Structures are given as structure tokens and as C-alpha cells.
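Visitor: Here is what each chain is made of, one letter per residue.
Protein chains: 4
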Amino acid sequence: MNSFGQLFRITTFGESHGRALGVTIDGCPAGVDIDLEFIQNELARRKPGQSKITTQRKEEDQVEILSGVFEGKSTGTPIGMVIYNKDQRSKDYSHIKDQFRPSHADYTYDVKYGNRDYRGGGRSSARETAARVAGGAVAKLLLKHLGISFHAYVSEVADIKVDDDYRNLDFSQIEQNIVRCPDPVKAEQMIEVIDTIRKERDTIGGIVSCVIKGVPAGLGEPVFDRLHAELGKGMLSINAVKGFEYGSGFAGTKMRGSEHNDKFFADENGSITTESNFSGGIQGGISNGQDIYFKVAFKPVATIMIDQDSVNREGDTVTVSGKGRHDPCVVPRAVPIVEAMAALTIADFLMRSKVNRLEQLIG
Amino acid sequence: MNSFGQLFRITTFGESHGRALGVTIDGCPAGVDIDLEFIQNELARRKPGQSKITTQRKEEDQVEILSGVFEGKSTGTPIGMVIYNKDQRSKDYSHIKDQFRPSHADYTYDVKYGNRDYRGGGRSSARETAARVAGGAVAKLLLKHLGISFHAYVSEVADIKVDDDYRNLDFSQIEQNIVRCPDPVKAEQMIEVIDTIRKERDTIGGIVSCVIKGVPAGLGEPVFDRLHAELGKGMLSINAVKGFEYGSGFAGTKMRGSEHNDKFFADENGSITTESNFSGGIQGGISNGQDIYFKVAFKPVATIMIDQDSVNREGDTVTVSGKGRHDPCVVPRAVPIVEAMAALTIADFLMRSKVNRLEQLIG
Amino acid sequence: MNSFGQLFRITTFGESHGRALGVTIDGCPAGVDIDLEFIQNELARRKPGQSKITTQRKEEDQVEILSGVFEGKSTGTPIGMVIYNKDQRSKDYSHIKDQFRPSHADYTYDVKYGNRDYRGGGRSSARETAARVAGGAVAKLLLKHLGISFHAYVSEVADIKVDDDYRNLDFSQIEQNIVRCPDPVKAEQMIEVIDTIRKERDTIGGIVSCVIKGVPAGLGEPVFDRLHAELGKGMLSINAVKGFEYGSGFAGTKMRGSEHNDKFFADENGSITTESNFSGGIQGGISNGQDIYFKVAFKPVATIMIDQDSVNREGDTVTVSGKGRHDPCVVPRAVPIVEAMAALTIADFLMRSKVNRLEQLIG
Amino acid sequence: MNSFGQLFRITTFGESHGRALGVTIDGCPAGVDIDLEFIQNELARRKPGQSKITTQRKEEDQVEILSGVFEGKSTGTPIGMVIYNKDQRSKDYSHIKDQFRPSHADYTYDVKYGNRDYRGGGRSSARETAARVAGGAVAKLLLKHLGISFHAYVSEVADIKVDDDYRNLDFSQIEQNIVRCPDPVKAEQMIEVIDTIRKERDTIGGIVSCVIKGVPAGLGEPVFDRLHAELGKGMLSINAVKGFEYGSGFAGTKMRGSEHNDKFFADENGSITTESNFSGGIQGGISNGQDIYFKVAFKPVATIMIDQDSVNREGDTVTVSGKGRHDPCVVPRAVPIVEAMAALTIADFLMRSKVNRLEQLIG
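Those sequence lines, one after another, are chains A, B, C and D.
Going by the numbering used here, the first residue of the first sequence is number 73, and it counts up by one from there.
Going by the numbering used here, the first residue of the second sequence is number 73, and it counts up by one from there.
Going by the numbering used here, the first residue of the third sequence is number 73, and it counts up by one from there.
Going by the numbering used here, the first residue of the fourth sequence is number 73, and it counts up by one from there.
None of these hints come from the bench; they were simulated from the model.
Here the structure is a predicted model, which means the values were calculated and not measured.
Mixed in with the good hints there might be a few duds.
[Claimed, not checked] Once the Cα atoms are required to be at most 25 Å apart in a straight line, the calculated DSS-like pairs of lysine-lysine come out as:
{"#": "1", "chain 1": "C", "residue 1": "LYS169", "chain 2": "C", "residue 2": "LYS158"}
{"#": "2", "chain 1": "C", "residue 1": "LYS271", "chain 2": "D", "residue 2": "LYS335"}
{"#": "3", "chain 1": "B", "residue 1": "LYS130", "chain 2": "A", "residue 2": "LYS326"}
{"#": "4", "chain 1": "C", "residue 1": "LYS169", "chain 2": "B", "residue 2": "LYS145"}
[What the hints assert, rightly or not] Between beta-carbon pairs, the in silico distance windows are:
{"#": "5", "chain 1": "D", "residue 1": "GLU143", "chain 2": "C", "residue 2": "LYS169", "range": "48 to 58 Å"}
{"#": "6", "chain 1": "A", "residue 1": "SER244", "chain 2": "B", "residue 2": "GLU431", "range": "49 to 59 Å"}
{"#": "7", "chain 1": "B", "residue 1": "GLU340", "chain 2": "A", "residue 2": "ASP235", "range": "48 to 58 Å"}
Glycine included, every Cβ here is placed at the ideal spot set by N, Cα and C.
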């Protein structure tokens, strides 16, 4: 279904070329300052047309709050938000009405639903993520009250890669360049690579890393709803994502237990902490108070400006021509989406963590 | 919560050293042949003590069906199953009552719940996965009726790695060796590595790959409940998992769109198919009828037989001694667990796919 | 939360005097004819200001479809709809900002959320039901394809009561009078009573009955999600509802088993049916193919035009004055709401009934 | 599905004549004293064979806790419990294998699932409620810590009815007689009526009333998950229930707003309270701190000891003979079931009420 979260839950609707996108946030506690400018700014980080290395579709992604906020604060009732589409060029898509674009969702939607809104990919378009970013912005506003912050950035494009230890990176640099990479030198190189590929009418993938700071210990549910499992689901639900790892990740499979174990010690304040953090801030599916960090793999965008062979509904060979306006590399715009899904997940688990012990119910 | 799935849903309970483990399968359609021997055999693939490279705890993991089956067939009502624990040696654990073992869930459970069943890790122990395997076995029995099969195997341990193209592997070899690797030569090498590490009282991680054959096109829900997102969540919910990727995965981030796109063509029967399968059988979150394949990264087991420094509840430094019975490498026993979670996910989405179009409701 | 249904699920948002109301319908199968005029007409049956015995607030309740419909048909993706508020007179409510109106939700919202949108009752206002009616209209459009129809009507106001056997009533008369009673004579009497009470600045309750025709046998889930339990929940969730009964209801408690049992027989076509229907079309929580019927009790509207004593936030005694525009009796406008909740429930269970047996998954 | 509740959730399994019944309680906070004797005592109040006016089946309903409790306290992990069946006489049922008993679930289960466990009604038997009572007992243990108590009783059988104002009743009398009626004189009359009907091999319905004391204000969710809507669903999900009303209920429909409104005032401690309580302790779907009270209507038991005409699978007329062991009137044993469902509902909403305001998350 089109909902994410248990206690802090968003439900989204909307197609790439439909009338509007929308999100309903259900479960946001009362009393949160709903800063519309902040929400709008989060949307601006995701919106198309923001630089030469993103799609040239022009959408202001102006969000309108329809309910759930009174005198600037959340009321505890559902927050409805809409973003009307403006710059649809649906004619660009009439040629794919009966064609299945390679590695797109055209074929699978057709099999599943029988009919589909083919314009711009309809519901399968990443345009839908605008609604998530609006929802995630509200989650961030809630979590800001608790000192929890999100730091996603582009860590890898082609063979350019930032320092693997995020503690060596300067997060204040992330928004200083159009690729959203915290290392200014690598950022320049990434931009150049992406721009070259764009000129070749092709696309490239990349990796977004994310660090979450300030998460208290105790978030996450044993067994199926482990914190990293739900985080992973959230990330894997973003368009074009092919993989997720947290803490030591795939590299950790090569390590020995004696190297990989994060030793506990009491810091100067008596707080229990760890020096290394191969656990990525999560042990047994529950946050341990350390930084949470993870990586998300994005495939190259399927829409390329080069003609490709494919088939139509009847199975006849057709040429899918490279038309429309698309991103040569999705990761710069994916950064706020990764943060949004992370914020939604943490907000949900934070709320779930408030009813774990009898004392919490009595107190 | 302790449930997984929407329409085909399991709910599990049980601790490592409690009285019993159990699973309730809710939503299994009526009329499925419930082959108890098959379920028991799946459990045997996961059970401890099956070889020299697994823990020496002896549990027969005898499953008992308490409801939901009549005259050998499912009735549509919930199937309750229990597995009583037999070979608990809870005394082995009294020393960790107040200690926090490194990279275990001791600390996080303590923070979350205030008290915990410390014996053998309690609910955080991978012993809980026996209940999943029992539930997954029923999902497999259901899916067998539709010709869907699951082929998980150990693909990587330390620096030993099987052919990355699974079409070059012989799945009939998987159960022929104790490490569950389809390449007999690599299997021997893996066993040797694990056994050496075991003798060094240490542990090592590894990777389990899985191929699902026979999944029809159309499974998976747009947006949040994409097929691979839910598969990923299921895998990430398994103990010790640090990462998940499907299709081209992390390697796909380096590719260009023109290389990565899977071109559609009509086969001799007129069926629409693809030659390459970087999509891993899933496009836009929905199965496309090709093989589904993915990889799951497991960290080294946290319990090592070497003494380690840690802290107790009061924050005092303590030595956690290497006692108990544990696996030097978790991947051989993880193979049936990966299959179980995959089967549960596919069964759920199969059911969800039956109500996507009006014709399905009328027909 | 603000969602209803499992497979056919609506999520609503919106306050009485907010910017807009909205509903997202998630799970509507693809291929349903979305007749906007029909939806608008359902809203017209509920809208304020339709007659002298309803509130005089003027709202056209114009609905706008934002997503999920393409070329007149549902696409299987979520259908977003909004209804903008027009005729708010929020000033009418400034006097109750700090007061708690008797038998309203002012006090309970205040305790629960700390702050509240007091204008017109905010989220607790029955204005929210417009969103349900829009959602229910889509459920009706789906069920129309299966020949399922809904017939709610006002059966009791004050001491005026229609024939208890609905088979003696002419449903075609329901929409012929402003009170929505199938008995024209009783309708006149009810209207007179309500109008008299209105002039006395007071309010009165009433009963809405509903008959659902054409529901196939097999809908409803054993144990907790019985068809009538979910129907009951849906009805009890409507503003001002105090009770629900189906089939023989409360009167059935006085009967003997030998009288109450509905005897099965095979009709001329060999179909298994019953003569009496004390079961109300539901046995063991599952529809049996007979007409489903039930009654819903509505209390008198709490807003009266007479001054009342109450308290403010500080506990000081205050006089709540009778201002604003309100219904003297809620049942005439409740008729389409009852139908909407019934349609949503049946649509959901219809979908759930498609995965009960193995043959349904294979076929 | 076979689950009830969101945060405090039970999942049950088991058939009348299967191997065992069971319940998994998911979400019970850690630290609750799990008093096994109390749970067993609750089961004893429901168990068959407890008096001459209940079925003579003999079941001790011995419950076994399999998980989730450590050193007498809940651990926050799921509590698994089983009750093995002992006194099955499945042979008593072979004659109904292909018959559909009137007003039973035989026919509807058959249509829905194709096959059914016909022994004793299988899953549709009220024997399933033993699992709910075990789950509800844990909810009561939790709520006892908060001073919340449940008082259900038989208020009406045939034409014998207790005082409608529960404040005139002595709840300490409820367990002093076998019919569970707080008025000793009426209790004797009810017992006589039931016993007479039993001798006539027939059955009769009745009404169970319930008062919940000590519920704090603020429980219940706006719109669909109103406190009374979920309470109503819980009650309607009990076998043989035909109706539910709370507060003024159906009688309230006859009242005027000016009579029905519960006026607020500040009591001597400054607490805001009401004198009358037509609201039944719930306003706008949210508890207001007053006593919650409601009534539940039970039909006469469908199994009578008199022969009845019916049909078999083929539609042939058959005689269903009155065999087996059954209750002449279900209400005395329904009392603990009503309390169990009420306790489960309140526990769930209590937990949900802990995350309504920002201060609750920060505090």
C-alpha cells in the first residue's frame, strides 16, 4: 500500500503528470512547530531543474498545507499537504503509450494493472518522492525538538569516492555544491563526470551515504521491525535503489569477530559508549546511542537519450527514442529523499519506543 | 512488532532458553497440503549441531502443529506451531547477567526494556529464526503449487567466492556439503577457512545469495511496499545481517544506463522477456517474470571464544569470557532462513497480487 | 489512526474550518469506472443546507480528483480527492476557544492533544464525513460492477417508526423526501417533529437502518474481523452514533434458539438459502448470501440553540451560548454516511475474500 | 485476520477439537507482574462445565506460558501461551460433516474455504475465546497497575432485568452466583429461567453489561478508531453477539439534546467532571475520565437439543439432530470474555495515548 510507518505514518498519492501529488501525515504529535519555509526548502533540494546536472523540468513544488496545523503548530490530527503539478509535457510521452521502456516499470505496471497512466511514468515516476520529502520534513521538525539530525551526501559516483570514514568529512560543505558531496574537490570531479555522461546522452549511478546523529538508545523493535530493517525498507523503496548496507555492511563480511566487535566502555560522564562503530549505531535491531550510518546504492537512470530496441504490448520490436527531460545521475537529488525516509523511520520508532516499559505508562 | 507479512502473516514468539518457540501463520489459504516431514526437514537444515562448523548445541527442533490443519490440509484458519527447547544450558549465561557483551543486544535490550532474559541472548538470539523457518516452510508448500522455488546458497566466505553469474552454478550441489555452497571445490575451501577460524576461537562473516525461480510478473506494490523493499526488510531482519542488494546491486552503481538497461524482446512463444537481468527480476518494485536474485551480507558472529573487555550495568570494566556454544560462521545455517524469509515475502505478495484489477474481483 | 480498511483503505484528513478535507483511497483495483458525477451526487446527499431540517451552512462540497484515475478509470494507484471548504464562519466559534461545550469533544481533545482547532469542532466535526462519503462513493462504483447495492434510510425519529420488516418498505421512496424515510406518511410526520424541535432550538436523535443486497456468501474473516464487527466499527465511528445491531439485534436476546435459527433449504435453482433471516445475512461473521441488514442509533446533536452551563479550561463556570449553524436532527444527512461506511467495509471484505482458497491463487 | 489491537496486540489460533488453543500477546510492556494464578482464574470463569447452566464439556483450560516472561515479569517480548484441549468428543460431530446446522457457521465456512474442520464447529466455536480470556487477563494485569478495573455482569435474560442504573448495583455480588448477575434476587430468577429452557432442550439469549472504572481522560483516536468503535468491534467479534450500545445507547435516540447533554462542572478538587453520563464516559471517541459503560446483546445459542430440518452440501433436506454438549444460555460464561475484550481495547488505547503530544516524546 501507499503508506509508510506505524505510529508516525505517511500516505502518499499522485502521478508524474497528474493533477497533484499529496501526502497525509497521520500520527504527528500535537505541539510541533510546523515551519512551512523549512518544508518548502526541503522540497527545493529535491525539485527538478535546480542545476545543469538535473532534469530540466521546471516545477516549483509549492506545497500547501490543508489540515492538521493550527496557529503554526500541529494539532495531532492528520496533516494533509498537496503539491500541484505545473510543468507537465504529457505529449512527450504519447509515443510510449504502447511501448515498454527498458528497465522501467511500464511492462510490470501493465501486467499488474491492465492499464496505466503512461505519462512520465505515472505513479512509478520518482516525482512521487516529492510527497515523501514533504512528509519527511515534518518528521525532521519533530525530531529537531529532540536534537536528532540527518546528514546524507553523495559519497560515490563512477570511480570518484569520498573518504570512507565520515568523521573526516565536513558536512557543512554538502549543500555548497550541486552534487551534494561534502568533499569539495571530489564534488568538482563528480560534477564533471556527470556532465560528460549527460552530454553523451547516457546516465550513471552512484551511492548516497547518510549519518544520523543524536538518536537515543532504545529505538527499534526486536525480530522483524529492527531499526535497520525498516530503514533498509525505506531506502529500498526509493526509485532506482539497488542496495542498502549499514555499519560495516558488505565489507564487514570479511572481518573476524574479534576485529568487528565494538567494545563498550564508560566515557568521562559514565555513559556507556563504544570506540569503534562497525555496528553502525544499531545492535540487535535497536539503536545504541552511537551515530547511525548507512549507504544506499542507486542504479543509473533508465531513461537515456539514446535510441533503444524494445517491444510494444503485442511483442513487436520497436525503437524507444530518447525523448523527455531526465536526470543524468539521480544521486544529487536523492540526498534529501534519503534523509526524508530516514527521518520518517526514526520518528516512527521514537514514538514506538515510548511504550516499552510499564514505568513509561504509569509515569 | 513480532509479525511479518500482510495477507500471509507470521507472528513468532520465544526465547533462546525459554520453554518453547512458536509461530502462528495467519492467512494461509485453505487447501494447501501441509507436509509435516517437509517442514521438519527445513528445520533440520537450520538446526544447531548439524556439523563441525556449527554450534554444538543439540536441539532436534521437533515441530508440533496445534491448529489450522485438518486431514492434512490447511483450513484457512491460523496454523499454530510450537518447538519446545530441550538442550538449554542456562547456567552458561549467569556470568553475563549484568554484563554487556560487545556487539550483542544485551545493552540495547537493557536500555529499551529495563529488564531482560539474558539466558542465551533471550529473544535476540538467532534461535528465534527456527520459528521463521517453520513459517517459511508452509509458505514454500503453498508456492510449490505454483511452481515457485527458492535457491539460497553460500556465495562468499573470507576471500573465497563462487562464480558471480548464478547460471554457472549447479544448485543440486548446495545440500551436498556442510557449508551449503553450490561449487564443491569452493565449498571445501570455505569449510577449511571456517574450521581454522573456529580453532582460533574466532568467527567470520559471509554472503548468502538467493535465486527465486518461477515468480510470475506482477508481484509487488508501488511506492513503499516494493517487492525488493519488503524482501530487503525480511533479510535485514535476520540476525547478523548488515546489507542487502538485488540484481546489479552496489556494482550497478558504476554502470551506465545504456549498459544496465535490460532490453525486452519476445521469445519464441511470444512471451516478453529480457536477455540480461540487471534488474534482478524486479522493475519499479514489481516482478517482471525473470529470476529474482539478491545477496545478503552477514557479519562475523559476535560471540567469540576469546576474552574481551566490556562494561557491566554500572559502567565498570569487566572481562567477558568466551563461554557457551556458538557458530564460527553463521552463513551455512542462514541459508534456510534466507529462503524462509523469501518464501514468506513472495507468498504475501502473491496473495496481494490477486486483487489488483476489477476483472480479478468479478471473474 | 485516520484510516479505515485493510485492502480497500481510505485515509482522511481535514477540519471543519480548515482549508480543505481530503481522502486517499488506497487499494482500489484498476479498471473501475470513476463516475465523478455519481461521487458528486453522493456528496450532495450529505452536504449541509439541503433542506429546512438541516444546518444552513452552505457548502457545495465540490470534489476534485487529484490522482489515481486515467481516462475515466481507476489505475490501481491511490486516488487522492480534495474538497475545499468555502463557507466557514470561524468567528462564530471564537467564544468557545476556552470553553468546553457539553457532550462535545472539546474537553477530550484538549486533554489528549493540549491544543485544538476549536473552530467548528475542528477534526471532531461531522464535516469530516464528507471525505468518507467521497471514498464510499468509489467503493459503491466498484461494487456496482458486482451487483451489490446499499439501501439506508431513516427508520425511527422520536416515537415515529417505520415497519420493522424492511421487505414491506419501498426503497424507491427514500430519496423522495427530505428526511430520507421510505414510508411517505411517516416521513411527513418525522419532518414535522424535527421542524418543531428545531423551532424550540433543541435537537433529537434517531435511527438509520440499512439493507445491503447482492453480497455473495463468503465475506468476513473468522474471529476478530467478523463482517458485522467491522461493519459495526465503521458505523460506531460515525459522529453521534451510540449503538449498532444487526439481524435480530437486541430484540433477538429475548428469543429462543428454536425460534431464532434460520432454517436452510434449497430453492428452485438448488441454491442454499433461508426463509427467515434473523442472522441478518451473516453467520459466524461471514456473509451467507442473504440480505445484510442492521440499525444504527444516533444521539441528539449536542449543539443546541439554548444557553447551557459548562466550564472553561480553568474550571470556572461559564455559559455556552447557542450560536452557529447546526442540524436539529442528524439522521437525514447520516443516511449517505451509513451507506458509505457499509460500502467501504464490503469492498474491503470482498477483496479479502479473493485469497481464501488455494484454487483462487492458482486459477 | 486473527489479531486484535495495534500496540497491545493479541493473535490467537486453535479449534474446538484441535490439539490446542493459543495466544501470542505482542506489545505488552516490560515489567508487568505476570500472575499465572490470576490468568488461570480468569480462564476458570469462562471454562465449560462450571455449573448446571453451562455446557457439560469438561476442560480444565490449563494455560502454559511459553515465552515473554522472565522471573515473573514481562520482558517486552511476545508472550506465547497455549491451552491444550483434553475432553474432545469428536465423534459427536461426525454426523454433521456434510450437514449445515441452522444459524451456525458451517455453511459460510464451507463456501469460504472449501473444506472445514467440522468437529465442534472448528475455529468458529466459542472455545476460541479461551485464548482471548488469557490475553485479556494479561491486559488486566497491566491495567491494574494504573487502577483500571472491569465489571461485566448479566443484566438481562428473557424478561428478567436488573436496575438500569448500574450505580444501584453491588458488583461484589457478581461472582456470588452462577449466572453472574449483581442482583441476587434477579440472579435466582434468571437461573430458574435458563434451567427450565435447558430442560426443554432449547436455548435463550441475554444481555451483558460492562462498566470500566478508572480510565483516564484522553484514550481513543479521532475519526475511525474511536474508543467506542473499537470497543464495539471487540464485543461484536465475540460469538453470538448481535448488538452493542454504549452510554445512552438506542434509548438515547429518543432524547432531546437539552436532556442528553452531560453538563461539565468542576468538582471539589477542581477536576472537570459531569453529573449525568449519557456519554458513557466517551466524547468524540475519546474517554473523558467518567465511567465507561456499555451493553452487549447475545442471541440464543444456535445448538439446540431439538431436531431441526436443514440441508447438506448437495442441498438435500436432512435432519440435524440435537447432539453434543452445549450451553442453554451463553451469557454467564460471556461475562469474562466481555471483560477480556474490554481490557484488551483499553490497554491498546492506553499505549496509543502516550504519544499524542510533543511533551510526551521529549519528557
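Visitor: So, for every hint listed, does it hold in this structure?
Guide: Structure-based check of all given hints:
Straight-line distance between C-alpha atoms of LYS169 (chain C) and LYS158 (chain C) comes to about 21 Å, which keeps the hinted pair within the 25 Å bound. About 23 Å separates the Cα atoms of LYS271 (chain C) and LYS335 (chain D), which keeps this hinted pair within 25 Å; it holds. Of the pairs offered as hints, the one joining LYS130 (chain B) and LYS326 (chain A) is violated, with about 28 Å between alpha carbons and a cut-off of 25 Å exceeded. The straight-line distance between the Cα atoms of LYS169 (chain C) and LYS145 (chain B) is roughly 62 Å, outside the 25 Å bound, and the hint therefore fails.
For the hinted restraint 48 to 58 Å between GLU143 (chain D) and LYS169 (chain C), the CB-CB distance of approximately 52 Å keeps it satisfied. At roughly 56 Å, the beta carbons of SER244 (chain A) and GLU431 (chain B) sit within the given window of 49 to 59 Å. The hinted window of 48 to 58 Å between GLU340 (chain B) and ASP235 (chain A) holds, with their beta carbons roughly 52 Å apart.
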